[in-house]
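So that you can map any letter, position 203 of the first sequence is 203 in our numbering, and since no number is skipped, the others follow by simple counting.
Check the hints yourself; a few may be wrong.
No farther apart than 27 Å at their CA atoms in a straight line, the calculated lysine-lysine pairs in the DSS-like style are these [what the hints assert, rightly or not]:
1. Lys-231 / Lys-263
2. Lys-387 / Lys-569
3. Lys-54 / Lys-364
4. Lys-487 / Lys-569
5. Lys-487 / Lys-364
6. Lys-569 / Lys-551
7. Lys-128 / Lys-54
8. Lys-263 / Lys-105
9. Lys-144 / Lys-387
10. Lys-144 / Lys-128
Now the in silico label distances, taken between C-beta atoms and shown as ranges [as the list claims (entries may be wrong)]:
11. Asp-27 / Phe-74: 20 to 30 Å
12. Leu-389 / Phe-74: 29 to 39 Å
13. Ser-439 / Arg-9: 38 to 48 Å
14. Val-220 / Thr-384: 47 to 57 Å
15. Arg-175 / Ala-84: 53 to 63 Å
16. Ala-91 / Gly-217: 35 to 45 Å
17. Thr-206 / Ala-55: 48 to 58 Å
18. Asp-298 / Val-220: 32 to 42 Å
None of these hints come from the bench; they were simulated from the model.
Being a predicted model, the structure only gives us computed values, none of them experimental.
Built from N, CA and C at the ideal position, the CB exists for glycine as well.
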Amino acid sequence: MVVPRDNDRVAELLWEYADLLSLQGADRFRIRAYENAARSVAGSSRDLSSLDLKALTSLSGVGKAIAEKIREWFDTGAIAELDALRAEVGAGVRSLLAVPGLGPKRAAAVHEARGISTVEELRAAAQKGQLRDLPGFGAGTEEKILKATETVVGERRIGLGVALGLAEALVERLRDCPQVGEIASAGSLRRRRDTIGDLDVLVASTDPAPVMEAFVGSDVVTDVLAHGQTKSSVMTAEGIQVDLRVVAPEAWGAALLYFTGSKAHNVKLREMAIRAGLKLSEYGLFDGDRVVASRTEDEVYAALGLSWIPPTLREDRGEIEAALAGELPDVIELSDIRGDLHGHTDLTDGVASLQEMVRAAEAKGYAYYAITDHAPLLTMQRMTPEKVLEQRVAVRALEQRSRLRLLHGSELNIARDGSLDWPEEFLDGFDVLVASVHSHFDLPRDEMTRRLLRAIEHPCVNVIGHPTARRMGKRPAIDFDVEAVCKAAAATGTALEVNASPERLDLPDELARAAVEYGVKLAVSTDAHSIVHLDNMHLGVATAQRGWVRKADVVNAMPWRDLKRFLAKGRPASRRP
DNA sequence: GCCGTTTTCGGCCCGACTGTTTTCAGTCG
């Protein structure tokens, strides 16, 4: 069993604390303090277990009281006040908050009045008509709750790749509506989070009603959750909630800013506005009734004294403070990418030939491109030294006729003990080597760390592929000492990959950020197994942006001369690419 | 409970939609 990072476990405890407080009807600002702390802890790349009280309070949103609770949990394995709260509120009641439409007030009410503490009990009570008499409830509310209990299956989030496809289709469909002016998807999709809870679509129009009608009447809609004049929510056949907001064209910028989020980013902007004697909403930045800025995001940020902040950075992880100080990182852009250092052909498990992959890479306008088919220990691939040498000859011949510089490489498997597959003397014949974990995902942290360190320290390994080995929704990240791995990678000149495959996005954003803080170089690669996968590069770039990664941190944004130096690593001089 | 470029006390984002309400509370994002 893979244990979640300590930070995530602490964040979960703080979320639970906030939920229990809300069920008790506690002061809402106190609740928010715990939520803010949970977000801050989850987003921090520092290892909380090693921090003392003073260091803990240096995290934003963490003060003395919460720092003590965190320390208590690390020291004793429990938080006394949390246990007390659990006992007071009652077991299971928190699970009711997962039911859409049932917030803390109503959840507490059904528990108080009917002794309900599970979603199943809630459904049964709704079916028997036992909720409608409660104060503030009614037949309509009961009906909604009943319906909601049928759909609740925990939080379901979809991968970024799937979400982008759905959103694009929906936007195209709405564009046919003549009343639609500007249209864009916003929310966590625009911020390019690795998973997406629901889709947010924003439309500028002077005539919202027909747009709303077209939206809720669309044939992909299976359920209308809300249908107002400027805001509607629907459920699609895929089980994805989509929210549509329609705003006046002159409010486009303020609305796009607002609906892109994140919530924490917005709250901070609004607090800044208040301090300046202004008010910020989705309709604009106001001085009393006078509009100060609203038409573009740029204008709104500028009026608050900030430069425009890329959506991928809007997570309240210091970007606002950085913008204020004029120190926003100049994050990597897709156009900075000069080549792709991880890709497969039909020699192993790819579906396109070497020639096809190279032609597609040429069409991308790259300066260089690496072929890195699997090595033999991934037994399903049936690779042999003869085959890979034959491929090398083909690559060299192809390069003669290509304007691309072609690198012949391989993706090695990092065995349980950290050893690699090809015979040792064979390895320095490759131009580039990616080494990845493909098995034994559940080793204890120390063993996993030693395994990765051994691969990193190998003189021929240039890139650690998909370092956490996570598969979105399928397999959690492997557990290793981030600091030790990053320090070794930085010291040896080994890049860590930001794998752009939408089911991986690995390194994840926060770890990418930690890595560059340790001075590690990154390789943003598609791991393409077909021609279309080469198009995923933008997802890797977006993930890197979310990790505050600059062009200078990325080896495949380097000109060939510099990349060549990087790839030489510890290879004998005569065998360097 | 946290926080500080007017603050160590007194603030803490803002608005839409729904259902049960004759003016608003709860929920959501």
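| said: Hint by hint, where does the structure go against what was stated? Just the numbers, ascending. | reply: Violated hints (numbers, rising): 3, 5, 7, 9, 12, 13; every other hint is consistent with the structure.
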